[in-house]
Amino acid sequence: MAMLDVQGLSKSFRGLRAVSDVTFAVPEKGIVALIGPNGAGKTTCFNLIAGALAPDAGSVRLAGADITGRRADKVCDAGIGRTFQLVKPFQDLTVLENVTVGALHKHDGVAAAKRDAARILEMLELGDKRHMHAANLTLPDRKRLEVARALATQPKLLLLDEVMAGLRPTETDRIVAVLQRLRAETGITILLIEHVMRAVMALSDHVIVLHHGEKISEGTPEKVTKDPAVLECYLGEGAV
Amino acid sequence: MNDLTPFGRAALLAFAALLLAVPWIASGYVLSVSIICLYLAYMGQAWNLMLGFAGLLSIGHALFVGLGAYTSGYLFTKLGVPPAVGVVAAVAVAMAMGSIIGYLGFRFAIGGVYFALLTIAFSEFVRILLDHAKFLGGTEGMFLPVSQESRRGVDLVNLRGSTEMYYYVILALAAGAFLMCRALLNGRVGYYWRAIRDNPEAAEAVGVDIFRFRMYAVLLSSGMAGVAGVFYAFYYNNLFPEQVLGIERSIEVTLAPIVGGVGTLFGPIFGAFILTPMGELLTEAVEGFKQSGLIAKNVKTDGVKLMFWGLAVALIVLLKPKGLWPWVCERLRLVKPPGQRG
Amino acid sequence: MDTVTIINALVSGLLTGLVYGLSALGLSVIFGVIRIVNFAHGELMVLGMFMALLLFRWFGLDPLMAVPIGAAVLFAIGYALQHFVVRRVSYLPDHMQFLLLAGIAIMLVSGCLVIFGPDAQGVQLDYALDSFAIGNLIIDKVRLYAAIAAVAVASALLAFFKYSSTGRAIRACADNYLGAKVVGLNVDRLYALTFGIGAACIGAAGCIILLLVQVHPYLAPAYTLLAFVVVIVGGMGSLFGALLGGMLIGVSEELASVVLQPSMKTAFSFALLIVVLLLRPQGLLGRVAR
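Residue numbers (this note's numbering), protein chains in the order written: chain A, 1 to 240; chain B, 1001 to 1342; chain C, 2001 to 2290.
Think of the hints as simulated: they come from the structure by calculation, not from any bench. Mixed in with the good hints, there may be bad ones.
[To be verified] Simulated pairs of lysine to any residue, SDA-like, Cα-Cα distance not exceeding 25 Å:
#1 74(A) / 1190(B)
#2 129(A) / 1201(B)
#3 2181(C) / 2161(C)
#4 106(A) / 1185(B)
#5 1336(B) / 133(A)
#6 1320(B) / 106(A)
[Claimed, not checked] Derived, one-sided and incomplete: chain B residues facing chain C with beta-carbon distance under 7 Å:
#7 1108
#8 1118
#9 1311
#10 1319
#11 1321
In this text, all values refer to a predicted model and were calculated from it rather than measured experimentally. For each residue, glycine too, the CB sits at the ideal point set by N, CA and C.
Construct all of the structure, not just a fragment, from the sequences and the given hints.
See the structure below:
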């Protein structure tokens, strides 16, 4: 059974089809990348899965349980953690407090949640900055904070929305290493939206390509990058 | 306490000792001003719980105070129920009102300043209803019976006694509110409130039921205001809708936390102890000027005080939007920097 | 209750509503462009009323003739308010800006209280009790004149936004702040102008409404909330909507006072505000909701 099973997912805004009949699955412990040009409907897809938006049609199942159209906090309860492409830190809280809010999802006591949050911050190399206010972080650090906060809820499935955008290649490699280690240690499943192909190639076992809200290709990273349809959507018609 | 520097700890203890000693060292006038300070500190704490902790702006807290006051006053005058029992009903009524406003506001997604408008609208609506409620005295007012001998001694069940008793009652309430808010802020609910305040969408994504936690904030805050209403009713012994529920009353309770620091624990207390004495001094000065003929006799002293309050709020928002208390803390090194805390 | 009473109430409400609409136009313009909720709205209006009152007392000037003066003074106040105060808090969250304007509102209303006292005061015009009769329909002269003046000022405003280059520049700011900055518009100045224009509308409405009601400081909060009702009904930022909303509220208020006791009329307005807030979460509320 797949960890995440998306069937015929559709969403329109004012008649414009942002996501159109998208079907895919993410196997347990898998790392799957969702790629596509700007405006392909990737983030909308995330919002539909994570409950920030309700789909017009289709279904979302997490480990067999139907979570279609549930509110975001219920989706989190079901076991999905997510990051936001446009980062949404709790500005007036410190880095540690930000992650503690996430950790409280599985911990009853604040002290235990704080310890867990501190551990996750160390893992994401934010330990030194734990007493800084989130508002004062640099953008790459805020992206890492997003990951830390989502991880702190101990999700079965992690949705990462462009967490490597704006990072230097060495920083990208470090995050890739962190995510790989995480999967090895905890068996977490990851679905990520990413433009940084270096990360996509290194991390994912499977790639799904969206274009104009529709799935146009999927397969191993090697296979997808050679698919003429994919090249065409990125480079325009006639490029192949 | 753990976050305080040794000097900060000493200052806090000195302040607490001073508060306990006020009835022994101060005159009747200073005592009654102190009661107003503590009352505003208590109400400021209740209001701040909503805006400062959970990000919900209310300009209708006089409504909850008024409901608490009228409920306990009615039960006492008409049915002989003592306030020690009546307070339960007072809190229940205030919370019921709070839950109506909260439910409508959050279910219909009335955000930001429009939530504030909703609280104003409810408050004013109920005020006019009370004007017409003959069984509660209407515009003629409701009067709680009080006798000369009941102004001596201590009767906590009937909330009757000397000014000193009222002082200690409101001191206990203010201290209790402070300690409760401190415990809440450092607990799970406090983390969730602040998360919702800073970013509701992100809070929801980490599993926070924002509707539920916002309701908690409104219920707690309105309940606290209901208790204040009982104190108000039995301290002043007369209730007029205009005076208890007027919009100026709702604005009045916002002043101390704004000046002290929205979202801080000690800000409402600090603000109340700065603003109230200054308002009183100003009132005295204006009265003095009137006597000596420097300003016209027909000038409304109250108006001058209100002008000062408005100016204080405007200046604070312009110059120190985080309030005076964080600034004082930093200047006097009352609190350890975050890195050195336990 | 007969039809004549109701029709009279309808007409009278419609005419009063046009003045409400003009006042609400001021709120709408300021919100639509600067995106700030002017909580000192009613206070500015009361300021306009007192100004007209003084001009009447000192020079015997008809409040309608005082409109240009009231509008000019309020324009200056509004301009200064935006330029020296409101502009400096644009980085703060909405509720802090709201509280700043609440502070200013308290200063204004208590200033009026100090100077003018709490009692209601009005102007005595020689045509105050005159009316036109069309069949059974009776129209107060003052009400008709007030409505005509309100429509005249509102039309001037609409023309300004439609035809003048400054008006068009302001609309550009409202549509696209960044774009306006990029093409080199002086956004700060345009914002100050906008606040000034909005305040001028409010001042004009204040002068006009003195024909119909007596002024006292505590009118201010009620007028603030009334303007919110009008604007939320009409759609915030929409200029025609404000006038339309004004008429609607004027009529329903007048009808309510026929049906209910007069003292319950204000309760009706607040109930209306609650209903309107609940039922119109889009438009005005769209931006801030969640």
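- Task: Let me know if the C-beta of residue 1321(B) comes in closer than 7 Å to any C-beta of chain C, holds or violated.
- Result: Hint holds; residue 1321(B) Cβ to chain C Cβ min 6 Å, cut 7 Å.
- Message: Run the distance test for residue 74(A) versus residue 1190(B): straight-line Cα separation, threshold 25 Å.
- Response: Within the cut-off at roughly 20 Å; holds.
- Do the numbers back the hint for residue 1311(B), that is, is its least Cβ distance to chain C under 7 Å? holds (6 Å)
- Message: Check whether the Cα positions of residue 129(A) and residue 1201(B) lie no farther apart than 25 Å.
- Response: holds (24 Å)
- residue 1319(B) as an interface hint toward chain C, with CB separation required under 7 Å: violated (9 Å)
- Item | Hint consistency between residue 1336(B) and residue 133(A) [alpha-carbon to alpha-carbon, up to 25 Å] | Measuring from Cα to Cα gives roughly 15 Å; hence the hint holds.
- Regarding the pair residue 1320(B) and residue 106(A), is the alpha-carbon distance no greater than 25 Å? violated (38 Å)
- Task: Verify the interface restraint on residue 1108(B): the C-beta must sit less than 7 Å from at least one C-beta of chain C.
- Result: Holds. Min distance 5 Å.
- Item | Interface hint outcome for residue 1118(B) [beta carbon to chain C under 7 Å] | holds (5 Å)
- Query: When you check the alpha-carbon spacing of residue 106(A) and residue 1185(B), does it fall within 25 Å?
  - Reply: holds (19 Å)
- Holds or violated: residue 2181(C) to residue 2161(C), with C-alpha atoms at most 25 Å apart: holds (19 Å)
Of the numbered hints stated above, those contradicted by the structure are hints 6 and 10, listed in ascending order.
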